[in-house]
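With the hints as a guide, dock the two chains, each given alone in a separate frame, to form the complex.
As a plain string of letters, each chain reads:
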Amino acid sequence: MSISQLNAEALRQSLEQLARRHGIQQWDLGASCSDDTSVQVDRGEAKQMKAAQRSAITVRAWNADGLVGITSTSDLSAEGLERALVGASEASAFGNPDDSPAFSPLATAALQPLEQPLHEPVNILKLLDTLKDAERDLLGRHEAIETVPYNGLAQRRSQRLYLNSDGAARQQAMTTASLYLYARAEQSGRKPRSAGAVRLAYGAGYLDIAGCIDEAAERTISHLDYAPITTGRYTCVFSPEAFLDLIGAFSSLFNARAVLDGVSLSRRESLGQPLASPFLNLHDNGLHPGNIGASSFDGEGTPTQRLTLLEGGVLRQFLHSEATARAFGVAPTGHAGMGAKVSVGPDYFEVEPAGSTTASGGAAGLDHRRHQGPLVLIDSLSALHAGVKASQGSFSLPFDGWLMDGGQRISIEAATVAGDIRSVLNDLIGFEGPAKVTPDGVCPHVWVEGLSITGEA
Amino acid sequence: MTITSTRAGDPAHQAGDALSAGFGSHWSVRLEPLLASGRKAGADLVEVFLERTDHLGVLAEQDRVTSVSPAFGLGAGIRVFLGSRDGFVSTNDLSDQGLQSALEQALGMLGLQIEALGRSGGGVGFDGLPSLRDHASSKISWLAACPDLAEASSKLLEGTARLERHGHHLQVRRGSYSRDWQEVLVAASDGTFARDIRLHQSLGLNVLAADGDHRASLGRRYGTTDSPDDLRRWDADASALEICDSAATMLYADYVEAGQMPAVLANRFGGVIFHEACGHLLETTQVERGTTPFADKVGEAIAHEAVTAIDEGLSSGAFGSLSMDDEGMEPQRTVLIENGILKRFLSDRAGEQRTGHARTGSGRRQSHGFAAASRMRNTYIAAGPHTPDQLIASVDRGLYCKSMGGGSVGPTGQFNFAVDEAFLIENGQLSRPVKGATLIGEAKEVMPRISMCANDLELAAGFCGSVSGSIFVTVGQPHIKVDSITVGGR
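If you read the sequences in order, they're chains G and Y. Sequential numbering of the first sequence, starting at 1, is according to the working numbering. Sequential numbering of the second sequence, starting at 1, is according to the working numbering.
Within a straight-line C-alpha distance of at most 27 Å, the following computed BS3-like cross-link-like pairs (lysine-lysine) qualify:
#, chain 1, residue 1, chain 2, residue 2
1, Y, Lys297, Y, Lys343
2, Y, Lys297, G, Lys191
3, G, Lys126, Y, Lys40
Sample of chain G residues facing chain Y (criterion: CB under 7 Å; computed from the structure):
#, residue
4, Lys50
5, Thr71
6, Asp75
7, Ala91
None of these hints come from the bench; they were simulated from the model. Just so you know, these numbers come straight off a predicted model, no measurement behind them. The C-beta atom is built at its ideal place from N, Cα and C for all residues, glycine as well.
So that you can see chain Y by itself, here it is in the shape it has in the complex (with noise of 0.2 Å):
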């Protein structure tokens, strides 16, 4: 139930007093009876996530700030498993009535009722909440240690000015900020406490450049997480100057001529083939729906052995990184695939309940109104022994992909991703810039003929949309190289 009122005793006027010290090891005396009466109702595992987030978002355009955008909010989320089924419900209303509504509504979608609360912790196999795991206790101060309004507009106001000292036939300049800050506590009924608080920010600059009938339009993205002096430490010169080269090259570029063509993929945010075409396919969802070819390869080549890919939760700054996943949970560095051989999924709690593939700390969310799914966090290729020049040098030719721009998979297999900026490869060299690219394939296909890798690992931040809603992840690969792909283009 949403309430407007702002009556004393209201229950929402509770809830925000309680909310006020933050997710702490008080809730258990809350969410324990909750956790109980799920068990006693018949559930075989009562979650309750929480959260609490301060988002500021700032843009400026040209040399003035036009649009600021604080939000915050709250919310829980109860999820109820039983068997190989389950129910979730979200709500903006923390009260004990609330949250108890939540609950009865998840356990009717299982056919189960809810007996009287009791305040014991103890139920059905539930001895109560043990002492909070706290991975938020030294990150209390980052939210007052991040740039304030004033500071973010300044420093994206130097951005924008850095594009217009560097740029040419700059239609359009625009520098983004982001600030997430996320509170969250998770609670089941199989003993799981701990809170933990995320902190991401990102920020973006692009840039439209014209000149008569030439256009191009490009952008960069940059993020870190749990690191509240991220935005401070911004350089903004070497940022803009980057992206007046790209588009100063890309503005009288030629319409890349279609077909099918070998094609080299800068590192960082080329890793976008790896994660749309492949590492969707390695998350339990994908195996549940019964939409990844790879479901019964464990042990099997799916890749050119010259392939090693990772996924984790732990690079130090990542944009995927995180101290426990959204169902309490801290993550791993799980090797998906070793020298082209399969080796594991990413799995959260419903997919280690349903595929057997056992959690491997992924279980994500948006938000509290999304029920956790596996999905990635930090993925990339491994470094291999070359160097980009001989990758390059190894192709008649082809196209050289500088940039990516976003992608996606469908429920085939098949996937896509635009080129932001390329060129060709003649003869083993860099040509001409080309742009209007697409990439498509299909994982079965295209892993197998990721023939090269370079020795430049790194990695780039993103945003990855799937079934639990949009997340911060990492891509990221050294340069590769694909023996055949099909280029979309004119």
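Excised from the complex, chain G in its bound form (with noise of 0.2 Å):
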């Protein structure tokens, strides 16, 4: 592995030269690289082996109007810096006069240290041998584990700056390592079953290979004992991942952004008003430290901060950037892309009952392994692309899950949940275990009152 190299002194001193050249006065520029190693295998073999050296700039450049154009290149050569400067300069002449980024104000504040150790990378050789020791073991698993057909095991070692004209630098360097084994399991006369886990460290090396192995073996066995599930309403269970999913998927709610462009449910005057049950708190919180690759800043230098979104169901902040801050009379709270018109969007979630008591968080004592009656315990959500409108608020989506019932588990066949999002945050039954730490967020297994599932039976 090649290790890419930003040298940001050198690009302050071209886009200097060049904006001085082309009589632009105000700019900034946002640049990543990153090397990548990636090995997958197939039944003991290689199957493909890859690695990739990238590198990005984004230029933004203001005209004397205060109006932004932005360009964004891979070529970092000379004439690639010169073009993207000019065309951003172009471009700036169709920026938007109602709503014009500038530099974010925190854009020097002092950074928030993260605890992001930088390890060499693992040979690829290596790695190979590494991911045919994990499919072999997950293939051990069970007999009617037959093939892991998604698999990957990945190395990244990047870099990313911002740059702007009033002097702003700001640069972070990580390691990051990834590995994700999904089986698909297979008996006779029975439909194929499949199930996953990843693992996310700062090196490959770190990797908690053993625990994902377990995690995907054991998910991937308790489907293959399945059954159709009657339509009805049914009291669900999302397991941490899929109630981290399908916040994310309507995180428009507390975006800036989408108020201002009237594509979110809330509105400015939503802050301060209940949006949720009341035993419920949501942060967003790129600093925790289960946010592996976190970044220190947003795409216009902000930092990173812990920003509560929802006290005790209370809707009190929103996700900005500089113009939506500017907008709404505060300071951005560094969750901004970086473009024309920039985009904002949050880092991970941390769910958590509110206050400290047991009755605050809602019902006391929930364990879907011990309730009497059926429920759902939803364990994956799909789709979500397709099947989230989040200007809506409405969702149907399929999903992966079991039919609970005193103590007994089925694996659901086939099957989709459906509701509206405001319905699912203001009917939550209570929370149930500790908050599990997963790669978009922290969150425990969270109880809601009466889904719309529909089955095959």
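Below, the structure written as structure tokens:
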């Protein structure tokens, strides 16, 4: 693996010279580069080994009227840089005078330190051996597990920076690694079943490989004994991963850009109003140690921070870029991308019961394993890109899960869960167990009253 | 190695000079030594994919252009095969040094080492590149002939203005335009040496209608390939009228009642059902993984006899059409299913090697950052003998799916897709509109249930994301009837 290097000072000098040459007074730049290696295997053999060296820059230029233009490129040559800057300057003629971004006032504020150890990359042939071993182990867990059709072990060394013509200079380097194992199992006369697991770490040598194999095996085997479910309304228990996926799909509820654009279910005046059950707290915290690969600053250079979105079910704050924050009269929150129209997005959700007493967190003693009467445990949701209508609040999603009844569990053959996100948030019954740290956030199991399940029975 | 220095003599600088002339036949001088040294190192085959791109995105909201996002780029993907294995390296560095480094890395993945680079084209089993097969020579002017930023912005604003004229309760009106120009060169040690220029333009209109608690969001996307004048010919008024009619219908629609029922799926983007439920399972990447139930079914019935399905890259102007695939092969018209019988799989270079299914000109990738894989192009169910009304009249109680959203298929063949606009069918007639439906099922089970095809085949542009990234595709079908399918809803 070669090591990409972004030379911030050389980039700054180049941009300053080019800006002077073209009469551009105000500019900023986001740049990133990465070296990736990854392997895939298929029944003991290498399937594909890949490596990539990537680089990209995005340049913004402001014209004399204060309008901004943007151009992106992967060409970091001198010609590429000049073409990007000139292109951005030309595009600024089409900037939106009603909503023009400016530099973040926090682009030079102190950053929160992140504990992100840098690790040397592992040789790709070593990665291959590791993944072969993992596949072999997983295939040996049950005779029905015939293949692991989706698998991968990858590592990345990356660097990103933000510069602007006012002197802001942000830079971050990190190493990350990921492992995914998605097994397929089939028994005679029965339909194939599949499930998987993912692990992230700051280096390939630090991945929880055994845990990933255990989880993939356990989940896959647990779906072998399946049956169709009767269509109806059920109490549902969302796994931490599933609930975080659902919240993420409706993150426009908390997104100031979406509010200003009129595509969020929330409005300006929703702040301070109840949105969810009073025992729900929701934070966005990109700085959480479980957020492997966290960014210490956003696309505008604003520091990443922990932000309370829901407190006791009441909407407290929105996620902001510089422009949306200015429109709301608040400070940017560190959730911006980089663009002529700057996107806003969440980093890493924390879902927790409100307050410290059991009662304030909803029903006490919830345990889906001991619950009497049928309930549906939703393990993972699919097709969120197609089945979520965020601006309507509705969803209808295929899922993998189990029908639980009196301590018995049976995998559900094929089914969808449908509802309205506002109803879900208000019909929470409570939380079960400790919060689980996942790649997408932190969350306990979440119980929800009466959702519509469509099955094939 | 990514270099940000702008010093004279910088390798990236040299690459920039060479690129100013595009990917012409002069590149053989630089690529032949690479291919030769890869073969000398012991590789069965070495393939180099070079790419230049130029993108323009424009977004108009209400009556303003709110975002303009130009982008351009370049890169190379080098793939080395040894037996059934392959190594793939991509880079943005097109200097000699950058390409050689990428080749060495790809060879190293397979345990091979490069020898000293010679300047001659010959190598073990490699006799140099032939004359360039240039599909791009007639397309050089395309980029310059496309609408510029001002013209594209003006056309989009015309679209959002038409939405305002025709719509009611429209809270959000959006128009988006995307122009993707790509020049590619493929050179391989088997003698492949071909260039192409591709041009894809797409245009979308979206609305959010809101009235009290009632909300409906709807969109339409149009797309063509290889037609610089496409945006100029766009009938903004007709598109706006169609979307506004749909929004007005769906704004007050009830949520669909869930259950098993027959369904009639409209033509054009209704073809996503075949794309998701069956098309992906007929790609050799799925055969390699063991994730298709049809792997050993060639010559057997896998669908109702009413179904004939085709994948091709030839239809004029269609979003999935191409002069050559991303492995330099000219596309074919591939009959996948004929009268219910499975005929062929879609195959790329690796698929042919690993599964034995002959290449079909279906090796496709999003960019140089992905190795090519067997992917769909223009995929559709052929027209049948019936009228759409006959299909609807044959259903006592069911669902008419007028407009589809996206979908996906899982590793066990389970598919799903969302329905954006639907009507109940009662006693053979369309009745009230319903929303919130998701159709799910298994490919093996649903294909035999497509029992009627109408005579109104039409295609629609779309995007497909899979192992080799997001690519331009066409889906299509006539109106079809599915005898029974699971409709998820409330």
